[in-house]
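Each chain is listed here by its residues.
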Amino acid sequence: MHKRLVLYLILSVIAFFSNVYGAESEGMPQLNPEFWVSQIFWLILTFGFLFIILSKFILPKISNNLELRKSQILENIETAEKQKIESENKIKEYEALINNSKNEARNYFNEARKKIIQDIDKKREKIEEEINLEIQNAEKEIVELKKSSPEKINKIATETSAQLIKQLIGEEINNSSISAIVEDLSKRNKGKYYDN
Amino acid sequence: MATNPMHQFNVYRIGPEIKIDQIDISFTNASLFMVISSLIILIIFNLGSVKKNIIPNKIQLLAELSYSFISKMISDTAGSKGKPYFGFIFSLFMFVLFCNMLGMLPYAFTVTSHIIVTFVLAAFIFIGVTVIGFIKHGLGYLKLFVPSGVPIVLLPLIVVIEVISYLSRPISLSVRLFANMMAGHTMMKVFGGFVISLGLVGGWLPLGFSVALTGLEILVAFLQAYVFAILTCIYLNDALNLHH
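Chains as they are written, first to last, in the numbering used here: chain A, 1 to 196; chain B, 1 to 244.
No wet-lab data here; the hints were simulated from the structure. Warning: the hint list may mix true and false statements.
What the hints assert, rightly or not - Straight-line alpha carbon distances no greater than 20 Å define the calculated EDC-like cross-link-like pairs of lysine to aspartate or glutamate that follow:
#1 A:K102 <-> A:D119
#2 A:K61 <-> B:E17
#3 B:K19 <-> A:E34
#4 A:K82 <-> A:E93
#5 B:K83 <-> A:E34
#6 B:K51 <-> A:E151
#7 A:K70 <-> B:E64
#8 A:K102 <-> A:E86
#9 B:K143 <-> B:D238
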């Protein structure tokens with residue numbers, strides 16, 4: 001009620017002035033009050049309409065859009081950060097996996113090498129044992145041969161010298177005396193024939 | 001007379017004469033351009049708000065940039081308390097801007113070049129701001145006229161000056177916009193008249209001026225709308241956050 005009253009008051013004041021100055025139509029058209037009331041009326045109407053539609057319907061939508069975008073961008077940033085962390089974790093896992101497998105491979109390699117070395121060692125030991133055995137046998141044989149060879153040589157020498165004497169002189173000499181001489185000789189000359 | 005530079009500001013009736021209690025509220029060319037600018041604003045901002053694209057298209061970008069521009073202007077000058085008046089400031093800025101800009105079209109009528117239109121807007125703002133100030137602060141709003149730190153001897157003088165400056169706000173606000181619009185359009189009309197009267201020989205210079213003035217006037221059209229809106233924000237700030 002009050003608003004209408006005030007409006008009516010303003011309009012009537014303006015109407016009064018427009019009657020007073022109505023004749024002044026030359027010069028600035030802005031000061032010609034003929035259409036002042038009409039302009040005020042239409043200004044209030046159009047601006048009021050514009051204000052109501054804008055503030056009731058359009059501006060809330062725009063602000064909604066802006067906030068929606070803001071929140072979505074924030075969400076996207078959040079998910080991006082999450083994914084970044086995830087990928088970093090995955091990279092760490094991957095690196096750990098690679099390190100593990102490298103270690104495993106190294107272990108396998110080391111074990112295999114150890115085994116092979118052990119095998120080789122075992123085989124070598126066996127072979128060395130065999131060789132040692134053979135060497136011992138051979139040495140024994142040599143020792144035996146050494147032991148038995150002077151006797152045989154003595155025997156041969158005795159028999160040969162008996163034969164020689166028999167053929168040269170035609171007389172048989174006692175084998176035991178010849179062998180005593182041979183033994184005596186061989187004992188004396190032992191250092192000559194055998195180096196040891 | 002078409003060459004009269006003031007002729008462009010004439011208001012004439014379009015259609016029948018409408019009268020309520022002997023008061024003439026006929027539809028005029030001024031009313032037509034008010035309606036056109038309001039409709040253009042509504043169409044543009046409606047188109048800019050219907051889609052909800054994450055990456056805005058051009059018209060949506062326009063609407064959203066305007067929204068953030070006005071929003072920032074209000075929060076910079078009036079603080080967070082100015083938020084409820086966003087709709088009004090936004091409508092005011094857009095209305096003045098589009099009226100100014102539409103006035104730049106040839107043969108168009110500039111609504112804001114009429115003192116009565118700008119004065120009604122300014123008076124409404126003045127009354128509204130005063131009412132808001134008294135509602136928010138009661139009689140304490142009168143402290144606005146008593147700046148702090150002024151010697152008591154000077155106080156009567158200062159209070160008188162402050163009251164006069166406060167009361168002259170609607171006049172300065174309305175005259176600034178109206179005078180800028182009228183002067184600019186008159187200048188353009190005068191230079192346009194020179195182009196015709198000097199003809200092919202000497203008309204080129206005023207034509208160049210006319211072109212330059214058109215650019216200047218577009219700048220002024222935006223600037224005055226901005227000034228109108230930001231002064232409204234500053235007055236609102238005085239009413240909302242009493243500093244004195």
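Each hint, compared with the structure:
A hinted pair counts as satisfied when its Cα atoms are at most 20 Å apart, and K102 (chain A) with D119 (chain A) does not qualify at roughly 25 Å. Of the pairs offered as hints, the one joining K61 (chain A) and E17 (chain B) is violated, with about 39 Å between alpha carbons and a cut-off of 20 Å exceeded. Annotation: proposed proximity of K19 (chain B) to E34 (chain A) holds, straight-line Cα distance about 13 Å (limit 20 Å). The suggested pairing of K82 (chain A) with E93 (chain A) holds, with an alpha-carbon distance near 16 Å, which does not exceed 20 Å.
Of the pairs offered as hints, the one joining K83 (chain B) and E34 (chain A) is violated, with about 39 Å between alpha carbons and a cut-off of 20 Å exceeded. With a C-alpha separation of about 128 Å, the suggested pairing of K51 (chain B) with E151 (chain A) is violated against the 20 Å cut-off. At most 20 Å may separate the alpha-carbon atoms for a hinted pair to count; K70 (chain A) and E64 (chain B) meet this at roughly 12 Å. Of the pairs offered as hints, the one joining K102 (chain A) and E86 (chain A) is violated, with about 24 Å between alpha carbons and a cut-off of 20 Å exceeded.
Straight-line distance between C-alpha atoms of K143 (chain B) and D238 (chain B) comes to about 11 Å, which keeps the hinted pair within the 20 Å bound.
In summary, the numbered hints that this structure violates are 1, 2, 5, 6, 8.
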